[in-house]
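Sequence lines, in order, name chains A, B, C and D.
Offset between the first sequence (1-based) and the numbering used here: plus 39.
Offset between the second sequence (1-based) and the numbering used here: plus 39.
Offset between the third sequence (1-based) and the numbering used here: plus 39.
Offset between the fourth sequence (1-based) and the numbering used here: plus 39.
Please note that a few of the clues may not be correct.
Unchecked claim - 25 Å max Cα-Cα, derived BS3-like pairs, lysine-lysine:
#: 1; chain 1: A; residue 1: Lys94; chain 2: A; residue 2: Lys45
#: 2; chain 1: B; residue 1: Lys94; chain 2: B; residue 2: Lys45
#: 3; chain 1: A; residue 1: Lys94; chain 2: C; residue 2: Lys94
#: 4; chain 1: D; residue 1: Lys45; chain 2: B; residue 2: Lys45
#: 5; chain 1: D; residue 1: Lys94; chain 2: D; residue 2: Lys45
#: 6; chain 1: C; residue 1: Lys45; chain 2: C; residue 2: Lys94
Since the hints were made in silico from the structure, they are not lab data.
As the structure is a prediction and not an experimental result, all values here were calculated from the model.
Protein chains: 4
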Amino acid sequence: MSRPPKLEHAAVEAWLAAHPGWTREGEGAISRTFRFPDFGRALAFTVELGMVAQKRDHHPEVTVGWGRASVVWTTHDAEGLTSLDLALAEATDAIAARASA
Amino acid sequence: MSRPPKLEHAAVEAWLAAHPGWTREGEGAISRTFRFPDFGRALAFTVELGMVAQKRDHHPEVTVGWGRASVVWTTHDAEGLTSLDLALAEATDAIAARASA
Amino acid sequence: MSRPPKLEHAAVEAWLAAHPGWTREGEGAISRTFRFPDFGRALAFTVELGMVAQKRDHHPEVTVGWGRASVVWTTHDAEGLTSLDLALAEATDAIAARASA
Amino acid sequence: MSRPPKLEHAAVEAWLAAHPGWTREGEGAISRTFRFPDFGRALAFTVELGMVAQKRDHHPEVTVGWGRASVVWTTHDAEGLTSLDLALAEATDAIAARASA
């Protein structure tokens, strides 16, 4: 699947300013940690995120533990961040908002 | 694990009257169907329900399809419904309310 | 997504003869029940199947219970079975063979 | 739930010598990375591990990505490793062996 091009540094900065909770992991990735009441809620979040990722054929790294999940988005082929990473980070926020409600 | 005793018919009737959406599957089981926007949401619901079931060591039957999941609770050892089934049906409602929000 | 055409009755019969365990659910669907040692194994099978289904944008109905999962494949748009159902039924067998090993 | 006591350093060393692939994460934790053919297989592994963890009421940290999952076991209450961590690490190996077959 063809990928969108790597974003300029300033474009990512603008997105980060508008999406609190997300931070850079080096220059080429972004991450956010979400809190949940227990392991099961964090696991269900991970499965729902996995299904959305599968649909877009673009997958995150997710670290799931008791009451939390951390998500990293990057595009290896682009050696950095693309518009697809940012779109899926926004989808991640929406899933987490429900799962942690 | 010891199980609570089988509930009287009238006790289940009273619970059903207070919990719309749940119906009898014969005398010894109850079921409810939930709607979701897509398969991934229904699957995440099933995983979260499975984790709650595992914690209580009492498991439902779940039928998951595109945009829906149907849950059946019964207690085989009691050949009918117990207070544990009703407690887990209420937990099911809580999980579904978030997952379908 | 465009779907393959509905298969002729004889084509499905030939496939069923070669794939023991699968049976018709009426004229337009096929199903198979798989056994697992516990609920967790059946749930993991369901998640893996869900991810494969998501990749192909074609989803089964799965009934998961203690130590078992039943899978139904059909194509609503074709009002019957297509080659995609049969391909995904074969993928289902492969997932179940590992998950129940 | 009461927890088994923290293991002596030598007891963990003996276990590590017998279980290749597991390494220390500092003094108080152990980790192992498993490889899978894709994201869905790694996710199904994570769900099955989550169900086993839920049954024992002791949960790992799992980092799942494309084609891999890394598992960390530790016991916060004991500020180190206990026999429960080692038992669940062995269960992790068994799940991964099937899921990556």
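Against the structure, the hints:
1. Lys94(A) / Lys45(A): holds (21 Å)
2. Lys94(B) / Lys45(B): It holds: about 21 Å lies between the C-alpha atoms, which stays within 25 Å.
3. Lys94(A) / Lys94(C): holds (6 Å)
4. Lys45(D) / Lys45(B): violated (42 Å)
5. Lys94(D) / Lys45(D): The hint holds at about 21 Å.
6. Lys45(C) / Lys94(C): holds (21 Å)
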